[in-house]
Amino acid sequence: MVVFRRFESAIDQGIGRRKLGYLVIVLVVLFFLWFPNDTSQSNYTKTVFISGFFYAIMSSSWALLAGIAGQFSFGHMAFMGIGAYAAGLIARDGITFALLGVSISPESISAFGSIIIGTIAAGAVGLVIGWLLLRLRAAYLALFTIAFSELFRIMMLTEYDYTGGSNGLSLRPLLQIADVDAARQVEYYLMFGLLVVCLLALYWVANSPIGLFLRAMREDEDAASALGVNVVRYKILVFVFTSMIVGFAGAIFYSDVGSERIIPEQLEILQMSLIIAYAVIGGMESLIGAAAGAFISRYLLEAMRQVVITLPFGMTTYDGSDAFVWEPGFWRFALFGVVMVFTLRYMRNGLLYPIITWFSGRDIVMKETVSRRESDDNHAARIEADDE
Amino acid sequence: MSDLHLELNNVSKRFGGLQAVDHVSFTVTEPELIGMIGPNGAGKTTLTNLMSGMLKPSSGTIYLNGRRIDGHPPYDVTRAGLGRTFQITRALGRMTVMENMMVPGLAHNPRAGRADLEARAHEILTLLTIDHLTNELSRALSGGQRKLLELGRLLMLDPAVIILDEPFAGVHPRLQDTITNYINRVHENGKAIMFISHNMGAVFELSQRLIVLHHGAVIADGAPQAVRNDPAVIDAYLGHDEDD
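Going down the list, the sequences are from chains V and P. Every position in the first sequence, counted from 1, becomes a number in this note's numbering once 112 is added. Every position in the second sequence, counted from 1, becomes a number in this note's numbering once 22 is added.
It is possible that some hints are incorrect.
Sample of chain P residues facing chain V (criterion: CB under 7 Å; computed from the structure) [unchecked claim]:
(1) L77
(2) K78
(3) P96
(4) Y97
(5) R101
(6) I110
(7) R112
(8) G115
(9) M117
(10) P126
(11) L128
(12) A129
(13) H130
(14) N131
Think of the hints as simulated: they come from the structure by calculation, not from any bench. Using N, Cα and C, we set each Cβ at its ideal position, and we do this for glycine too.
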């Protein structure tokens with residue numbers, strides 16, 4: 113502890129915590145840029161990372177929607193699915209606007225074009241759902257979005273003639289790279305770049321006046337409205353914005369970048385619950401906390417598929433080995449549940465909150481405020497004593 | 023001195039079988055200090071909610087400076103120039119005092135620079151004696167400090183008409199002085215202030231005009247001394263001295 117205090121004071125007097133925080137972010141980014149060039153890493157590990165980036169986008173965008181704007185939605189995976197399914201269906205069947213008499217054939221749409229249309233579709237549905245949710249709060253909003261999410265999943269499952277049912281739907285591959293290693297490399301950078309862009313966009317919104325209004329709305333919609341905040345506009349805006357982000361990420365991920373097909377199983381409530389759990393563990397009011405929570409959780413869940421346990425004190429197993437392999441299977445998720453329960457009970461701002469607070473220097477501001485408050489209270493007490 | 027004009031015409035609000043506000047009409051054309059009194063359940067807060075857009079009137083119209091505001095959403099009414107506080111304070115708990123001030127600042131004046139708005143917020147917080155709490159989360163404030171914060175947020179909106187719902191309720195006497203000082207200072211700057219209170223001392227000390235509500239209807243509207251002696255008001259609210 114003493115060593116940490118010395119380190120802390122050296123940082124405060126030297127570079128400053130915030131700058132150190134930026135330095136850490138730069139180092140993390142450099143690590144992820146370097147990682148695929150490490151020849152000792154398998155394609156499997158890269159695939160795990162790609163999946164981690166995707167879930168980091170899902171959780172951080174959900175953190176904006178639920179943690180910052182207070183809209184506790186269970187529909188996030190459904191919006192992702194809308195983006196992916198719409199992109200896949202349009203790339204396969206084309207689209208006809210009967211009223212306008214315009215028809216676009218599948219041949220005339222590129223893979224990226226279909227992704228953009230998928231993104232717009234997710235945003236359009238987000239607009240309608242955002243509007244329908246205007247008068248719903250807290251548990252009612254959560255229940256509504258669960259119902260919406262299930263409705264969409266069941267539609268995708270049932271309409272197998274169009275959607276492929278439980279076999280899922282293949283989207284048009286975004287990248288056409290024959291070499292598997294090279295393809296993994298490009299897919300890795302694509303998803304990582306997408307995560308960086310999404311985080312920057314989410315940060316820009318969260319730190320703009322819009323972010324301030326969203327937080328005011330989360331705290332008290334009526335009070336925010338009485339202070340001049342157009343609650344209707346911002347509620348719809350945050351739904352459209354986050355729906356488009358996850359619609360875009362979903363359409364890219366399932367265009368054979370992270371996965372070769374979207375299946376309705378991905379839209380189950382369990383999957384949505386995992387997104388929420390990642391955000392809660394990382395810190396649902398912090399975009400970077402939620403992203404890191406998702407990435408680290410995904411990585412650990414994968415790493416725990418097979419755990420090699422080396423026995424201490426020269427102990428051996430019945431066959432004479434000093435180590436054994438534990439395959440926890442679904443127990444991984446049970447352990448994950450324990451971590452979540454611990455987080456909710458003891459660290460409601462997420463496991464990464466103390467670290468983020470330290471780097472932001474907010475604890476210094478809090479200490480200053482407390483001391484100023486105490487001196488003010490002493491001052492007030494003195495006046496009161498003088499009065500008497 | 024200003025083009026202030028708030029006009030309520032036969033405003034009524036009915037909740038099922040209950041007539042909460044009953045054909046209320048009055049006009050405010052000067053930056054007056056108006057006290058609004060009445061027994062519990064007289065319809066004071068409902069009337070405030072109707073004026074601020076939190077509720078839609080069942081009938082009647084409300085105009086502010088020539089613009090019809092009844093039925094408009096609260097943010098629109100606020101931008102039109104009518105600001106309010108709440109009976110139970112509604113500080114934005116997990117936001118700092120400065121952020122609480124910046125929300126109305128930026129909502130009202132989106133093009134203003136943050137530094138200018140922060141300077142203005144600091145000036146207001148100093149006036150309200152809570153400038154040392156700028157970086158404190160507002161949920162850590164005492165009840166009285168939250169009242170002061172609510173009053174401060176209103177000034178960031180620079181409204182023409184301010185409605186204060188029970189500004190003195192549950193407040194330490196020292197803070198009551200700060201609030202009275204605030205009301206006088208804001209009034210001197212040309213704002214019309216309407217405040218609801220059961221604190222008769224403060225009502226008669228501050229008010230230039232008194233509106234009395236009973237069963238949702240206005241039973242008296244005029245100078246405080248005249249209202250104090252009005253038999254209908256005495257019967258409904260103030261009561262008779264035991265000696266009488």
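Hints and how they fare:
Taking 7 Å as the C-beta cut-off, the interface hint given for L77(P) is violated, the closest approach to chain V being about 11 Å. Annotation: K78(P) was flagged as interfacial toward chain V, and the flag is violated, the nearest CB pair being 14 Å apart, outside 7 Å. With a least beta-carbon distance of about 4 Å to chain V, the hint placing P96(P) at the interface is held under the 7 Å criterion. Interface restraint check: Y97(P) against chain V, minimum CB-CB distance 5 Å, threshold 7 Å, status holds.
For the restraint placing R101(P) at the interface with chain V, the shortest Cβ-Cβ distance is roughly 6 Å, inside the 7 Å limit, so the hint holds. The beta carbon of I110(P) comes no nearer than 11 Å to any beta carbon in chain V, farther than 7 Å, and the hint placing it at the interface is violated. Hint status for R112(P): holds, given a least beta-carbon distance of 4 Å to chain V, under 7 Å. Annotation: G115(P) was flagged as interfacial toward chain V, and the flag holds, the nearest CB pair being 6 Å apart, inside 7 Å.
Interface hint at M117(P): satisfied, since its Cβ lies 6 Å from the closest Cβ of chain V, which is below the 7 Å cut-off. Taking 7 Å as the C-beta contact cut-off toward chain V, the hint placing P126(P) at the interface holds, the least distance being around 4 Å. This hint holds: L128(P) has a C-beta 4 Å from the nearest C-beta of chain V, less than the 7 Å allowed. Given the 7 Å rule on beta carbons, the hint for A129(P) holds: about 3 Å separates it from the nearest Cβ of chain V.
Hint on H130(P) holds. Least Cβ distance to chain V is approximately 5 Å, under the 7 Å limit. Below 7 Å, beta-carbon pairs count as interface contacts, and N131(P) has none with chain V, the closest being about 9 Å; its hint is therefore violated.
Against the hints set out earlier in the document, violations occur for numbers 1, 2, 6, 14.
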